[in-house]
Amino acid sequence: MIEQTPLVPQPIQSQPTPTPTVPPAILISKLPNSQSKMYMIAAIIAISLGIIGIFTWNIVTQQTVSTTVPTPTSTNTPSPTPVRQLSAIASQSAFMVLDEKIASLSSSIKNYIIEDPSLSPPVLVLPLGFTQ
Amino acid sequence: MSVYIIISLIFTLFMHTYASASSSQAYSDYLYQFDVYRQKYTDFKVAKNEYEKFKSLTSQTEALNNTISMLSQRDLLLRAYLLLLNEKLNEDQGLGEQDKVLYRTLINNEVTFLNNHSSLVTAIGSLNDADQISKKLETHYDILQASMRQTIGGISLGQLAIRAKEYDIVLADAKALINTNRGVFSAEKQTTLDRWLLQITNTRSLYQQKVNDIAGSISQFKDTSISEQDRSFQKVQRSIGEARQYLVDGASNLRELTEAIRYQD
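Protein sequence lines, in the order shown, are assigned to chains A and B. Under this note's numbering, the residue at position 37 of the first sequence is numbered 37, and the numbers go up by one with no gaps. Under this note's numbering, the residue at position 64 of the second sequence is numbered 64, and the numbers go up by one with no gaps.
There may be inaccurate statements among the hints.
Stated by the list, open to error - Mimicking BS3-like on lysine-lysine, the simulated pairs with C-alpha atoms at most 25 Å apart in a straight line are:
| id | chain 1 | residue 1 | chain 2 | residue 2 |
| --- | --- | --- | --- | --- |
| 1 | B | K165 | A | K110 |
| 2 | B | K53 | A | K101 |
| 3 | A | K101 | B | K136 |
To be verified - Rough simulated footprint, nothing fancy, chain B against chain A, three-plus residues with beta-carbon under 8 Å:
| id | stretch |
| --- | --- |
| 4 | 86 to 99 |
| 5 | 106 to 112 |
| 6 | 115 to 122 |
FYI, nobody ran anything at the bench for these hints, they're computed from the structure. Quick caveat: nothing in here was measured; it's all calculated off a predicted structure. Ideal Cβ placement from N, Cα and C applies to all residues, glycine included.
Chain B on its own, in the form it takes in the complex (with noise of 0.2 Å):
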């Protein structure tokens, strides 16, 4: 039997050892293709100014293969984006199995996205060709950013939601241990640690009430325009630090309660 549990505890540190990996492995894959995009945007620009400057034949097939690759590396840059988001959803221990769903679909949709807008940059024939696929990534663009904020949302909400699961665990067991005990404190004091267990109870529900807001906002993300995101967005994460805010004044409670606890008096 204890064969099992060591077994099962290796498998475990393993594969959360995996996942680390895969989410660093998927970051520095990410900064990766970051730093090809800007050598290659900076291509660009160069030869779309030399283009602009002569107007020669050669200037401007210099310009098309430019634009191309970096059109090519754009959506690659995006892509390793999303499957670094994926990788941090795979990781998550917090977050329900109905809202990873929902997030990986999100990004299933953008990768498949990006996937045939770079089938059609491989067939650019002309800087009006490459003009005309640019913008159909940039009229998508707003709800690729809703996609990508609404998972950033997301795994930080799974990141509180850890906590606050570690949260009702210790509530749980300070609730069990003061009823277990009851008639080992005076009733005055007995009075006051109940008091202070509702207390804490009610801070849980606060937090909560908040994290529901949050979630409710970080639906609203898609259809609006990126400057309305990234003000939602930040609102978002004050909104996070409120809810964390809530759990650091639980945790003290918890704290004090259980000083109480230790004393007779």
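Pulled out of the complex, with its shape left as it was, chain A reads as follows (with noise of 0.2 Å):
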């Protein structure tokens, strides 16, 4: 016969949380002299080739907003325009008269006034109206 134990909880043990391990921080002063200066020279590249860039970027929307409209040149298409040939009637002396004339009779006609104001009879107020 197996003899059961009781099931009993067994208190957690609590395990040693392990310390990171920082490295320790390069310090530039601490480096030698040699390595810090190439350090130097390469924060300058990126800071300049940074500002060389804002610059260009600058410059290259501002020319994409202000297009300048391109002015329109003359070109040696021929109008659509049909050009009419005049008719041998067009040169005759009567016909140029016939043009004044009805140039002439259009204006005659509406200058005329239907209503001539100066015409308008007087309104008169007869009955004398006495009592008598």
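Hints in hand, dock the two standalone chains.
Take a look at the structure:
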């Protein structure tokens, strides 16, 4: 017979937490002279490149916004209005006289006033109206 | 020969200026007579009110004098207006002689009536007389107004007739030009031009029809009341506007016709 022992929860034993291992900070001042100079030069180059980049970006964007409208230049393409050929009558003196007469007729009719204001008859009150 | 032409031209110009001066002189005289009438009518109203208020002999005499003066001026005013119409008729170059004679007769009849009336006015001796004499004009006033309106309508027709004559000359010239140049244009274009000419001639016929209607309406002013005359006169004015519109349309079509003739295609 196997003797069963009651299961008693075992208290959790606190594990020792591992302390993070921080690498020691590299201090430029603690670097050797030649290495520190290299880092300095690299930083200056990186900053200079950044400034140049920003400057170039500004110039490019400004150019795209202010696009100048190109001025139209005259071309030698013919106009769509057809050139009409004058008739043989157009050069006749009778036609020119007729043209002038029609212009005169048009203006004469348009200038005609139907109601001549000077011809309005007088409006009068005729009865004397004496009370007898 | 040329000297005669120049002299006749100067004479014509002088006569035209004289005629215009006569008309404008008559208009000035009419306006002056109207101003005097307004003043005399105001004086008459004041004197009449005074008389009706006080009934005194003095106010009665004042009322009588002012009534005579006003009635006399009324006749002068109406005569001045008729003389203005007569001058307008003299200037007119569109009416036929027969029509002018008719309108002059109407004017002369009315002037004769007013002259007789004026002589009656000078003989007025009492307010009762004044009332009786005034009534003579009142009962005749419809006929007087009809004569005036008939003449005004006639003068308007004369003005239209001047334009119609001009229209006829231009239309005849256009027809002659197209007929003498047959063969210049293609058959298709020639047909179009002939059709347009026919349409322009038809417009002239419509104008004439309208003018004949107006002349008929004008002659019917007589024997109608003044309010009926007013209505008929307004209708006549509208019809004159419509007749004018026919001439405007015809002239516009003539312009289109010359533009079509100007070009070959």
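Taking the hints in turn, this is what the structure says about them:
Distance hint between B/K165 and A/K110 is fulfilled; the C-alpha atoms sit about 15 Å from each other, no more than 25 Å. Between B/K53 and A/K101 the alpha-carbon distance is near 69 Å, which puts this suggested pair outside the 25 Å criterion. A threshold of 25 Å between alpha carbons decides the hint, and for A/K101 with B/K136 the separation of about 53 Å lies outside it, so the pair is violated. Judged by the Cβ-Cβ criterion of 8 Å, the stretch 86 to 99 of chain A is covered by chain B as claimed, because 11 of its residues qualify and three suffice.
Given a C-beta distance limit of less than 8 Å, the hint that chain B covers the stretch 106 to 112 of chain A holds, as 5 residues qualify and 3 suffice. A stretch counts as covered by a chain when three or more of its residues have a beta carbon under 8 Å from one of that chain; for the stretch 115 to 122 of chain A and chain B the count is 6, and the coverage holds.
Hints 2 and 3, counting from the list given before, are not met by this structure.
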